[in-house]
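Colleague: Read off the chains here:
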Amino acid sequence: MRRVLKAPISTAIAIAVGLVVLVGYFFPFPLLDGLLQVALLPWALILAAVALWIGVLNLLYVHWRKVRERQKGSIYSGVLVLALLLTTMIGVGLGLNNTWAGRLFTYVQIPIEMSLMAVLAVSLVYACVRLLYRRFNLFTVVFALTVFLVLLSSVPLPFGELPFLSDTLRPWIAEVLTVGGARGVLLGVALGTVATGLRILTGSDRPYGG
Amino acid sequence: MWGLGFVFVFLVLLLLFAILGKKKKAIFREIPAFKQLINAIGLAVEEGKQVHFSLGRGSVNGPESTSSFIGLSVLERIGNVTCTSDFPVVATTGEGALGILTQDVLRASFRGSKGEYRYDTTLAQISGLTPFSYAVGTMRPVMDERVSVNVLMGHYGSEVAFIGDAIGRGHSFGLAGSDSLVAQALMYATVQETLIGEEYFASGAYLGAGNMHLASLRTQDVFRWMLVLIILIGSALKLMGVL
Amino acid sequence: MSEVRCPMCGKTNPEELENCQFCQARLKPLIAPSPDDKPRRIPEDVEKPEGRESVEFEPDTEIPESVIPPSEEDEGVPEWLASIRTRAAEEGFTFEEEERAEAQFEEGEEPEWLTRLRTKQGAEGEVLVEGIQPEEEEQEAGYLERIRVLRGTEISESIEVQLEEEKEVEPEEESSVESEIPEWIAEDVDQEAVVSEEAVGEDYGVKWLRGTGERADYQISEEVVEEELSAPLEGTTTEEIAVSLEAEEEIVEQRELPEWLADFEEEVILYEEEEIPEGEVDSVREAQEALETPGTVREPEEAKQAQIPSKFSFEELPDWLGESLEEDVQIKEPAEEQLAEEEELLPADLPTWLKAMRPVDSISATISDIARVDEDVLTVGPLAGLRGVIPAEIEVSKPQAPPAYPLKLRVSEKQQEQAVLFEQMIVAEEEPKPILKPKVGRPSPIWRWLLTLLLIAAVLWPIISDRQNISLPTLPPAGVLAASELISSLEMNAKVLIGFDYQPGLSGELDAAAQSAVEHVLMRGALVTLVSTQPTGPALAVRFFQDTQAEYNYTWGQRVVNLGYIPGGPVGLYNFARLPQRAKPYTVEGYSAWGGEAGVLAPLQGIQQLSDFDMVMVITEEVDVARSWIEQVQPVLASTPLIMVVSAQAEPLIRPYFEATPNQVQGLVVGLAGGAAFQQLEESTGLARTYWDSLSTASLLAAALILLGGLVSSSLAIFERQNQERRAV
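Residue numbers (this note's numbering), protein chains in the order written: chain A, 13 to 222; chain B, 115 to 357; chain C, 16 to 744.
Derived from the structure by calculation, the hints contain no laboratory data. Quick reminder that beta carbons are idealized off the backbone N, C-alpha and C, glycines included. All the pointers check out, no bait thrown in.
Covered by chain A, per the in silico footprint, the following chain B stretches (three or more residues, Cβ under 8 Å):
{"id": "1", "stretch": "123–137"}
{"id": "2", "stretch": "329–335"}
Computed spacing ranges between beta-carbons, pair by pair:
{"id": "3", "chain 1": "C", "residue 1": "439", "chain 2": "B", "residue 2": "229", "range": "39 to 47 Å"}
{"id": "4", "chain 1": "A", "residue 1": "73", "chain 2": "B", "residue 2": "229", "range": "18 to 26 Å"}
{"id": "5", "chain 1": "C", "residue 1": "605", "chain 2": "A", "residue 2": "151", "range": "49 to 57 Å"}
{"id": "6", "chain 1": "A", "residue 1": "80", "chain 2": "C", "residue 2": "441", "range": "45 to 53 Å"}
{"id": "7", "chain 1": "A", "residue 1": "149", "chain 2": "C", "residue 2": "566", "range": "53 to 61 Å"}
Isolated chain A (complex conformation) (with noise of 0.2 Å):
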């Protein structure tokens, strides 16, 4: 009975706020925008706060199951663990602020992120250079290309600019080409924001499993 009800119930609150949220947004009534800014968005934020609670409890549970059942790779599981009890002691013990939490920041977290970013350039690189053996095509060929041309018109380069290079073709390149096709694909991704919108509106995709 509880499932047969909770189809039918989540998909009517969830057509009937996204009703309110477009209608708002057209026609901006006091009734309308009041329920908006009182209680709507307020459990939007609520409901995303909590959700990143709970994606912190999810991970905790998915890598303390890891090592409680020996898994493969436990070992970073229980590293995880870990230094996720040991921020979080000094991030809600102590405070921001507080020394010890900005050295965690400062000496673990950011030298982490920035050495991937690092590897991230070498693999790109790499990735490229394998991208024309992998799949050696004609726009393969024009995005490797294209690549070239904008990371050596781009960069500062020992012997100064390059005359041709760095002040016709690199901004035609980075303003006409890429603008004029980001703008074509952004369209498209538009059109698709606005499909998938009504098809949710309409109850037709349920992405919330009722």
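Add chains B and C to chain A, keeping to what the hints say.
Modeller: Below, chains B and C alone, put in the same frame as chain A:
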């Protein structure tokens, strides 16, 4: 008011195509990525391998929520196929609310196949709450020996290059799609099959998610041509000095 | 309405009933007569096996039509049968082939079912009454021999028997023993188990003699049997076993019978007044021995001749009978000794011509008749105990083990071809096919490591050598110029909102890009409020100020306020843009930002909504975050300028907002290059200058690697493609 009219016309066309679509069979242009995805999933189920589905780190209340919902629709389809196999699909997300929805969708798939008792909460896991921690956390299931198919569908940033690189270093098939242009560029360079532009939004229709997906695809086509005409006419008028 | 009398209880029943309504006995037998009251059709090979006479089965009762199988001549051939015939004709399977197969079958290759049927019919004497087939002879001989041995085991000590007396009794015993065949022996006969001489070892025979229950072979040669017989006898009465082997055998046959056999002996006498002449028995034995002798395989005709006793002398027969026999059989002259022995033993109670009329073959029929008589004793009903009564339940209705049919199929060539094809298909299906997996290339770790080392070296070389040779951009981009002008226009204590919305991983680029801009804001004496839509943003902001702006002696809560994380992404921004006091009432440190004990914090004084700020600056690497600020916050800013400091990767999508008319973004600083340009413009020093040379060398190297690697990869790809095409050709 223009916006409301746009949405209204879009909705009317969507419903119209949904009604007409029941009588008319849809004809798609071939997108090799979907064909390969279907084959790869079939092989994974037959070989007793696992499918990993990454939903990205997009929120459910931002502009990137559309991308997340597309990913959820595809996940539902794949979940329905694989939930009866020995190794059902495992999904990773980088956002709390999206993680809850992912669990709900997967549970519904198991429920649909009368196997809710087989559902495990770790099948839908949040592998990181920041972009890079999510990417690194997702690399673990991507490189798992049991995983033979990796599907990336959702909102990503530059961190997706890590996941794509891990797929390339592994032994698995990869398909990636996103609403983010940066992510699309990086996916193209690193992942085997990439969905470009609106191909990503056509995923549901190509994977047989329902009649409404077909209808929305047709409606998008209609509006796309309308926009092309408007842009061309506007440019011509601008050149002529009318605008 | 006619009535039928129940054969069991004798009460009358309506004709249509199948079972008696009083005693439930079957009223209508299950034998099906042919519709035209003709005798039931028996297959030819069963009717006339090799010239033997047969007795046609004539049903004496009426059988319901439903049971009658339609004959081939019937007009109403069922559809399925007609289709089978048509198909058989189409496939080339003719009935000639079937007839050929039948002829082949008649030549000797009899199916097992027919052999069984014959055995059964022969035993019952209903169909086959004449002659014993070679197999049957073997069976007869086998169990005769076996009974002899069995009897030998029963006798233990007294072998002093008067041979003369027993010789007189011998024929009777012989016949009686043969008629009283226990069930287990009969089963053995049916099974036709053949055990070779080698297989029958001494142990086997001993076990058998000891009565351990092991199955014995009834085709064991006589020598073996005699050896086995002699063993127990030697052990008991050694002295008395001086008689010859032949006499010993006879003695064994005359030993004391077991009780069950003795009873039966009396019973047989009641029914079988006639003694079987010894000559007949001997001739049977002779034939039997001939059959049992290894290496001598007699033709059926010879065996038939051997079966005919010496009594069948044509001189002693009437003319009419002699002629008929002369046509059918060839008589083999018996040995003289045998004839002499016969003359001694025969009681000669019957006239010769009458004896002659009883062929040897009919012995088996007689025996089986006796057995049948015994079987026909009714056990139920009012006639219980009587023999010879026609049973109410005929044989057909009794449960029987299904006959075992041979597995040899009769198929046409076309069917065989189709079967071969089908088999090939099945074999092809069973063969594992290689699974075509998507081609996934695996990168080599060596090249990856080489690239990494090269890039690290390119980055480190300018730092280690401490050389800053590459000049900063001389001409700042338009976005940097606009941003610089806007910051320069800020008054003292102006309120500036800065959004730190980037990830720690990109802090290297964005710290350098934003350093000069934020420094310029602080230099102008502005009061700064920090927020972030990223969970790590507040901590990143604190670190940024501690690392890059420490020289300005700002105090948290006085000149700089950190309101912390705004959850909910765009929704949170929308809420913050309209109701900032409700959205973020406290600072990161936990102080009330908008009016606590200490009053409203300085950077937030006079701020009711975001448009009250003098400037909004957003530092982000992500397009969507930048768009959220543009779409959710910029509309409520009114005349407040919005400056974006973005990563290089976000430039293509953010630049249109800056270049549009009217623009939604009033100033744009892009990446390290933008930060360096800002720094050059402000004539200051900072991170951008430090990173500039490293960025230059590393980027140049990356471009070169992409070019060279791309050329090599392309060549390899082309080469491999040509190879594939060549292989395909």
